[in-house]
Amino acid sequence: MKVNIQELRGKKTVTREDGARIHEILSKNWDEVTVFRIDFDNILVASVSFMDEAFGQLALRHSKNDLQSKMKFENMVDYDRALLNDILYSRFRQKGLGENGPSFKQEKAG
Amino acid sequence: MEYHLQYPKLQTVAFSNILLKLCHEARTSETERIVFDLSKTEFITPFGLVLLAGTILECLDQRKKGRYGRPQKYSTRKFLSGIGFNDFIRVPDENQLIQSPNVQLKRIDAIDYELTDTILEVFTFHINMSEGVIGSLKLALNELMTNAFDHSESSRGCYVCVQSYPGAGKIRLCIADFGIGILESLQKSPNFEGLTGDNDAIMLAVKEEVTSRVGKTAGYGLTHINRFMEVNEGKMHILSGNGKVMWDYSGPKKIREKSQTMHFSFGGTIINLVINVDKKGLYFLKEEEEYF
Chain A
262 MKVNIQELRG
272 KKTVTREDGA
282 RIHEILSKNW
292 DEVTVFRIDF
302 DNILVASVSF
312 MDEAFGQLAL
322 RHSKNDLQSK
332 MKFENMVDYD
342 RALLNDILYS
352 RFRQKGLGEN
362 GPSFKQEKAG
Chain B
44 MEYHLQYPKL
54 QTVAFSNILL
64 KLCHEARTSE
74 TERIVFDLSK
84 TEFITPFGLV
94 LLAGTILECL
104 DQRKKGRYGR
114 PQKYSTRKFL
124 SGIGFNDFIR
134 VPDENQLIQS
144 PNVQLKRIDA
154 IDYELTDTIL
164 EVFTFHINMS
174 EGVIGSLKLA
184 LNELMTNAFD
194 HSESSRGCYV
204 CVQSYPGAGK
214 IRLCIADFGI
224 GILESLQKSP
234 NFEGLTGDND
244 AIMLAVKEEV
254 TSRVGKTAGY
264 GLTHINRFME
274 VNEGKMHILS
284 GNGKVMWDYS
294 GPKKIREKSQ
304 TMHFSFGGTI
314 INLVINVDKK
324 GLYFLKEEEE
334 YF
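Listed in order, the protein sequences are those of chains A and B. Each residue of the first sequence is one higher than the one before, counting from 262 in the working numbering. Each residue of the second sequence is one higher than the one before, counting from 44 in the working numbering.
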C-alpha cells in the first residue's frame, strides 16, 4: 500500500493532524497490508509532532521488526530520516521502561 | 493622566528583568493612557520586539490607550519601520525598508505552518545554511508554535519574530504567548500536580516525554530543540512565570543550564533561541540506533 504524504496533506506543510490521519490509515490496515510504502516526495517535514503522531506511536504497539518489515520510507530527506529514527528510539526506550505496556525486549523474549 | 514607561537603550534578553517590569506595569496599571517611550532605545532583538508588541496589544485589548515615543536614533526608527512594527501597532510609518528583508514580526491566532515555510524561504534565499540548520529552524518554529497553541490557553494567540544577523552569523528567533505559563500548564496533568516552582517547571518541560497533554503521547518538541541548540553551540532562554532558564552551549564554558528568578512574573511563556547559521544543525541519534 502506498501512502503519499504530499497527496494527503495537499499543502506545503504537515501538521500533527496530518500525522494522526496517517497513523489512522496505517493502524486500520496494519493486519491486512504486507508493506506500506510511505513516500515523502523529498519534502522537508521537520515536525516532531507529525513524526511522533504518525509513526512514533506505532513503536509503542509494535515491535522493531514489525515496523522495519511493514514500513518502507521513500524519498525522505536525511534530516527527516534522522528525526524519525530518533523518535522511534525514544518511543522504544519509553516502552522498554514499561511506561506504556510491555517492553519490546520483553515481547521478543516472550 | 498618563503612565510613562521609559524603555532602556537595549531591549534584549539580557535585560529581561527590566523589560518584564515594564510589561507588568503596563498590564496592571489602572491608568487609561500608557506611554511606551522608546526614545532612548537603540537596539531591539526579537525578544524585545515580541515582548513590546505583545505588551502594547495586551493594553489595547484592555481598552487602554497607548502613546508611542519613537526612538531618537534614526537607525532604530528605520529598523522598527522596516520590520513592520509601526504597522503592527498602528502608528504612522516612515515607510523604511530593511535592505535584507529576513525579518518577521507576526501575531498569530492559530498554528500557521505556512508562516514557517515563508520564513524559511526568506531565510534560505538570503543565508547559506546547511540542511541540518534549515531543518532544525523549521522544526523549532513548528514545535514552538504547536506548544504555544496546545498549552498556553492564550486567548490572544502568540507573537513570533525571527531576525538574521549576517555579520555575526546568527539567527535570533523568539516566540511569546501571554497565556497561563508552563507551571500552570504542567500542573493540569495529574503527573505534575505537586510541581510548584517556575524554574523547575521550565527545566522539566525540556525533558523527554514531559507534556501537559493528558492521555496523549507528546513531549519531544522542546527536547529536540534543546539538542539542536547543543550541537549548534547556540543558546536557548525560556521565561515563564517568575522563572528564567538559559542553556548556553556557546563558547569554551558551555554552560548547560543557568536559572534565575525574575522580579516580576510574566503570565505566559517566552522562548528565545540564538542559532549559529554556520555551525552544525543536524543532531545525532543518542545511541547511533537506526531503524530506517
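Keep in mind that the hints were calculated from the coordinates and are not lab data. C-beta: ideal position from N, C-alpha, C; glycine also. Misleading hints may appear alongside valid ones.
To be verified - Examples of chain B residues toward chain A, derived with CB under 10 angstroms:
| # | residue |
| --- | --- |
| 1 | L163 |
| 2 | V165 |
| 3 | S179 |
| 4 | D193 |
| 5 | E196 |
| 6 | S232 |
| 7 | H267 |
| 8 | S293 |
| 9 | G294 |
| 10 | E332 |
| 11 | E333 |
| 12 | F335 |
Next item on the list: Using Cβ atoms only, decide whether H267(B) comes closer than 10 angstroms to chain A, and label the hint accordingly.
Entry: Result: holds, 5 angstroms to nearest chain A Cβ.
Item checked: Minimum beta-carbon distance criterion (10 angstroms), E333(B) to chain A -> 5 angstroms, holds
Next item on the list: Let me know if the C-beta of S232(B) comes in closer than 10 angstroms to any C-beta of chain A, holds or violated.
Entry: 14 angstroms, violated
Check: Under the criterion of a CB-CB separation shorter than 10 angstroms, is E332(B) in contact with chain A as hinted?
Finding: 5 angstroms, holds
Check: How about V165(B): closest beta carbon in chain A under 10 angstroms, or not?
Finding: Interface hint status for V165(B): violated (14 angstroms vs cutoff 10 angstroms).
Margin query: Please check whether F335(B) passes as an interface residue: C-beta within 10 angstroms of a C-beta belonging to chain A.
Written below: 5 angstroms, holds
Notebook entry, point to check: Does E196(B) pass the interface hint, meaning its C-beta sits closer than 10 angstroms to a C-beta of chain A?
Noted result: At about 17 angstroms, which exceeds the 10 angstroms cut-off, the nearest Cβ of chain A leaves the hint on E196(B) violated.
Notebook entry, point to check: Hint check: is the beta carbon of S293(B) less than 10 angstroms from a beta carbon of chain A?
Noted result: Given a least distance of 23 angstroms, the restraint on S293(B) is violated.
Item checked: chain A contact restraint on D193(B) - CB to CB distance below 10 angstroms -> 9 angstroms, holds
Notebook entry, point to check: Would the stated hint for S179(B) survive a check requiring a Cβ distance to chain A of less than 10 angstroms?
Noted result: 7 angstroms, holds
Check: When the nearest CB of chain A is found for L163(B), is that gap smaller than 10 angstroms?
Finding: Hint on L163(B): holds, closest Cβ of chain A at ~8 angstroms, below 10 angstroms.
Check: When the nearest CB of chain A is found for G294(B), is that gap smaller than 10 angstroms?
Finding: Check failed: Cβ of G294(B) comes no nearer than 26 angstroms to chain A, outside 10 angstroms.
Of the numbered hints stated above, those contradicted by the structure are hints 2, 5, 6, 8 and 9, listed in ascending order.
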